[in-house]
Amino acid sequence: MPLNWVLVLTTFLFCVGVYGVLARRNAVIVLMSIEIMLNAVNLNLIAFNGALEGDRLIGQVFALFVIAIAAAELGVGLAIVLLIYRNSFTVSLDEVNLLKW
Amino acid sequence: MDVNFEALLPELLLTLVACGVMTIDLFLPKEKRGLAFPLAFIGVLATLAAVLNLYGQNLTTLDGMFVVDRFAVIFKIIFCVAALLVFAVSQAYLNDDKDVPHGEYYTMMLFSLLGMLTIASSRDLIAIFVALEMISLPAFILAGIRKYDIRSNEAALKFFLFGVLSTALMLFGMSLFYGLTGATNLADISAGLAGRTDIDEVALLAILFLIVGFGFKVSAFPFQWWVPDTYEGAPIPVAAFLSVASKTAGFVGLFQVMFLGLGELADMWRPMFAVIGIVTMTFGNLVAIQQKQIVRLLAYSSIAQAGYMLVPLGVASATDGALNTQIIFSVVAYLLVYAFMETGAFAAATAFGRKTGKYLIEDYAGLFGRSPALAVAMAAFLFSLAGIPPFAGWWAKFVIFKTLIEGDGLVLAVIMALNTVIAMFFYLAVVKKMFVDKSEDTAAIAMPRSLAGAIGIAAIVITVGGFLPNLFGQLAENANFF
Amino acid sequence: MPDGYFGSYLTLAIYSLAMIGLVGGTLGLNRLVSPKVPGKEKMTTYESGVDPIGSGQSQTTIRYYMFALLFVIFDVEAVFLFPWAVVFEEIGVFAFVEMMIFVAILALGLLYAWRKKVLDWI
Numbered sequence: 618m619p620l621n622w623v624l625v626l627t628t629f630l631f632c633v634g635v636y637g638v639l640a641r642r643n644a645v646i647v648l649m650s651i652e653i654m655l656n657a658v659n660l661n662l663i664a665f666n667g668a669l670e671g672d673r674l675i676g677q678v679f680a681l682f683v684i685a686i687a688a689a690e691l692g693v694g695l696a697i698v699l700l701i702y703r704n705s706f707t708v709s710l711d712e713v714n715l716l717k718w
Numbered sequence: 195m196d197v198n199f200e201a202l203l204p205e206l207l208l209t210l211v212a213c214g215v216m217t218i219d220l221f222l223p224k225e226k227r228g229l230a231f232p233l234a235f236i237g238v239l240a241t242l243a244a245v246l247n248l249y250g251q252n253l254t255t256l257d258g259m260f261v262v263d264r265f266a267v268i269f270k271i272i273f274c275v276a277a278l279l280v281f282a283v284s285q286a287y288l289n290d291d292k293d294v295p296h297g298e299y300y301t302m303m304l305f306s307l308l309g310m311l312t313i314a315s316s317r318d319l320i321a322i323f324v325a326l327e328m329i330s331l332p333a334f335i336l337a338g339i340r341k342y343d344i345r346s347n348e349a350a351l352k353f354f355l356f357g358v359l360s361t362a363l364m365l366f367g368m369s370l371f372y373g374l375t376g377a378t379n380l381a382d383i384s385a386g387l388a389g390r391t392d393i394d395e396v397a398l399l400a401i402l403f404l405i406v407g408f409g410f411k412v413s414a415f416p417f418q419w420w421v422p423d424t425y426e427g428a429p430i431p432v433a434a435f436l437s438v439a440s441k442t443a444g445f446v447g448l449f450q451v452m453f454l455g456l457g458e459l460a461d462m463w464r465p466m467f468a469v470i471g472i473v474t475m476t477f478g479n480l481v482a483i484q485q486k487q488i489v490r491l492l493a494y495s496s497i498a499q500a501g502y503m504l505v506p507l508g509v510a511s512a513t514d515g516a517l518n519t520q521i522i523f524s525v526v527a528y529l530l531v532y533a534f535m536e537t538g539a540f541a542a543a544t545a546f547g548r549k550t551g552k553y554l555i556e557d558y559a560g561l562f563g564r565s566p567a568l569a570v571a572m573a574a575f576l577f578s579l580a581g582i583p584p585f586a587g588w589w590a591k592f593v594i595f596k597t598l599i600e601g602d603g604l605v606l607a608v609i610m611a612l613n614t615v616i617a618m619f620f621y622l623a624v625v626k627k628m629f630v631d632k633s634e635d636t637a638a639i640a641m642p643r644s645l646a647g648a649i650g651i652a653a654i655v656i657t658v659g660g661f662l663p664n665l666f667g668q669l670a671e672n673a674n675f676f
Numbered sequence: 008m009p010d011g012y013f014g015s016y017l018t019l020a021i022y023s024l025a026m027i028g029l030v031g032g033t034l035g036l037n038r039l040v041s042p043k044v045p046g047k048e049k050m051t052t053y054e055s056g057v058d059p060i061g062s063g064q065s066q067t068t069i070r071y072y073m074f075a076l077l078f079v080i081f082d083v084e085a086v087f088l089f090p091w092a093v094v095f096e097e098i099g100v101f102a103f104v105e106m107m108i109f110v111a112i113l114a115l116g117l118l119y120a121w122r123k124k125v126l127d128w129i
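Quick note, the sequences are listed as chains G, V and A, same order.
Here the numbering used here is used: the first residue of the first sequence is 618, the next is one more, and so on.
Here the numbering used here is used: the first residue of the second sequence is 195, the next is one more, and so on.
Here the numbering used here is used: the first residue of the third sequence is 8, the next is one more, and so on.
Wrong hints could be hidden among the right ones.
Stated by the list, open to error - Incomplete in silico selection of chain V near chain A, CB under 8 Å:
1) Cys-213
2) Met-216
3) Leu-220
In case anyone wonders, no lab produced these hints; they're calculated from the structure.
Glycine residues also receive a C-beta, built at the ideal position from the N, C-alpha and C atoms.
Kindly generate the complete structure, drawing on both the sequences and the hints.
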């Protein structure tokens with residue numbers, strides 16, 4: 618499979634993620650969109666790894682680290698969303714607006 | 195597999211300390227939870243000793259990922275000292291605030307500090323990414339550590355969302371550079387980029403993505419929206435930690451990636467930093483003027499300070515090594531001074547807020563009559579931030595001006611000078627409130643020894659540094675990789 | 008162990024048979040010796056402890072999220088075990104010690120969850 622096809626796919630996935638983060642108002646869906654962005658990065662890394670070098674695996678190692686850290690990030694994020702839900706019974710980002718300017 | 199454990203000693207020690215503080219805290223009875231502070235403090239002191247032991251050495255390990263040189267060691271010293279000052283401030287804050295769990299608070303700070311020590315030595319995109327996340331993830335938790343306070347929750351949420359979004363964008367940039375050069379080691383990337391002319395568009399896009407990631411960390415313009423809200427909602431010592439240590443870590447990562455990895459593309463990123471720096475400082479200063487709350491004032495002022503430290507990158511050169519050395523020297527010098535004046539200002543705000551429960555600038559009226567020492571110290575920090583002699587801040591600004599003029603950035607220097615003048619308005623307004631205005635409340639403001647010590651040390655350092663700037667100058671001169 | 012190309016398939020076949028025997032045996036034994044007291048509750052469909060009654064939009068209790076969080080983190084951190092297992096024989100004792108340290112740090116997280124009473128199902 619040519620590298621360009623994969624790159625088009627990852628760019629598209631990444632844009633889907635960015636759109637989700639910017640346009641959606643539900644905190645959990647925003648978290649999911651961020652995961653989509655990170656997975657686009659992973660695909661990118663693995664595709665480059667396959668295209669660039671046969672036996673060195675830097676890209677795949679990088680992808681492993683991204684997966685692990687994405688999980689940790691998601692854990693912290695969900696914990697914060699849970700905290701907000703417990704204190705104010707909402708997961709809508711528009712209603713989290715006490716602090717401004 | 196060869197691992198040089200000597201080079202890794204400070205990090206290994208700090209890992210042990212952080213895990214130890216967490217485990218010990220789990221098994222302590224409730225009334226002894228205060229033990230976390232001395233344990234963490236001594237642990238960081240021991241780490242600092244291990245770092246000082248490495249001064250002047252050049253070690254490389256983990257396949258070139260981890261490098262100990264003067265640049266790394268000096269930044270590790272800054273991080274440890276800043277952490278010690280913040281710990282001293284935290285102790286007073288935590289004793290008043292029953293909602294904050296001590297063990298978790300110090301554990302998270304220690305893990306964040308571990309990430310900072312690691313990033314100073316990281317010379318590989320993977321290591322830099324992991325270190326940046328190690329700094330950010332505990333920081334998200336710290337911002338929201340007052341679990342039952344909805345403002346603290348909101349601070350954490352905003353910080354988190356901006357943080358992960360910028361991380362994802364930065365990672366996309368990193369993956370593009372990996373695709374362009376087939377390497378993640380900064381030296382290999384630099385070698386892979388040398389002489390390539392077919393990659394302009396992709397490289398430009400990738401640089402933009404990378405700048406987003408670091409721009410978030412150093413709170414540069416379009417990525418600074420989280421700063422005032424997070425600083426206001428988080429506990430004040432955490433805000434001090436974010437604005438000093440975390441921001442410095444962002445600059446460390448930025449230097450390494452831009453100068454060691456992408457030095458060849460300096461023509462491409464130079465104008466970006468010039469624009470971002472100018473907009474950041476102007477935005478920070480203009481918005482700061484309208485602030486009524488001391489922490490938000492300090493937050494916007496810290497955005498403006500980030501702008502001052504970004505403009506020197508706007509005169510960087512792809513070929514002139516001496517100029518790049520001068521740029522790194524000037525920003526490191528500024529960061530050294532900034533660490534003390536910013537921590538000091540936040541410490542003074544903590545001291546005032548914890549006794550009075552007030553955070554508005556109006557409440558500072560007549561502080562000189564109530565607590566002369568505190569008022570004088572706060573004035574010193576604000577003068578230093580504004581760049582007024584005799585405090586060290588003027589020297590730091592002077593060094594940056596000198597760099598800008600040497601690098602043919604006269605326009606940048608003029609805009610920065612204008613900004614310095616604007617900034618004087620709001621810094622001096624607070625000083626005027628404290629010294630000239632009167633208040634009905636005349637009770638003195640008592641503070642515990644640790645807090646007074648932190649404020650005193652910061653004040654002494656910036657005063658002595660203002661008269662003998664060579665003390666900072668020599669340290670900053672050593673912190674260079676060229 | 009038989010040699011050759013088809014020999015390795017034979018190994019696989021023997022292994023599969025042993026596994027099927029083991030699983031079938033235990034399940035059959037269970038069937039034979041366990042007491043049977045059917046009731047209305049017990050006959051409902053098993054849905055991971057959630058009653059499959061009412062509309063699909065019902066809210067789950069917030070405690071599930073705590074377990075989900077712990078699961079995601081511990082599950083995904085295990086991703087480092089796979090590359091480690093591949094190169095384990097080349098690196099030897101050093102790799103073993105390193106992975107033990109890694110697992111110990113993960114276990115510390117579990118210890119924390121246990122001491123904070125997150126693991127109790129009330």
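To see whether the hints hold, each was checked on the structure:
Proximity of V:Cys-213 to chain A holds as hinted, the smallest CB-CB distance being about 6 Å (cut-off 8 Å). Residue-level restraint check for V:Met-216 holds (minimum Cβ-Cβ distance to chain A is 7 Å; threshold 8 Å). Evaluation of the V:Leu-220 hint against chain A yields a held restraint, the C-beta minimum of about 4 Å falling below 8 Å.
In summary, this structure violates none of the numbered hints.
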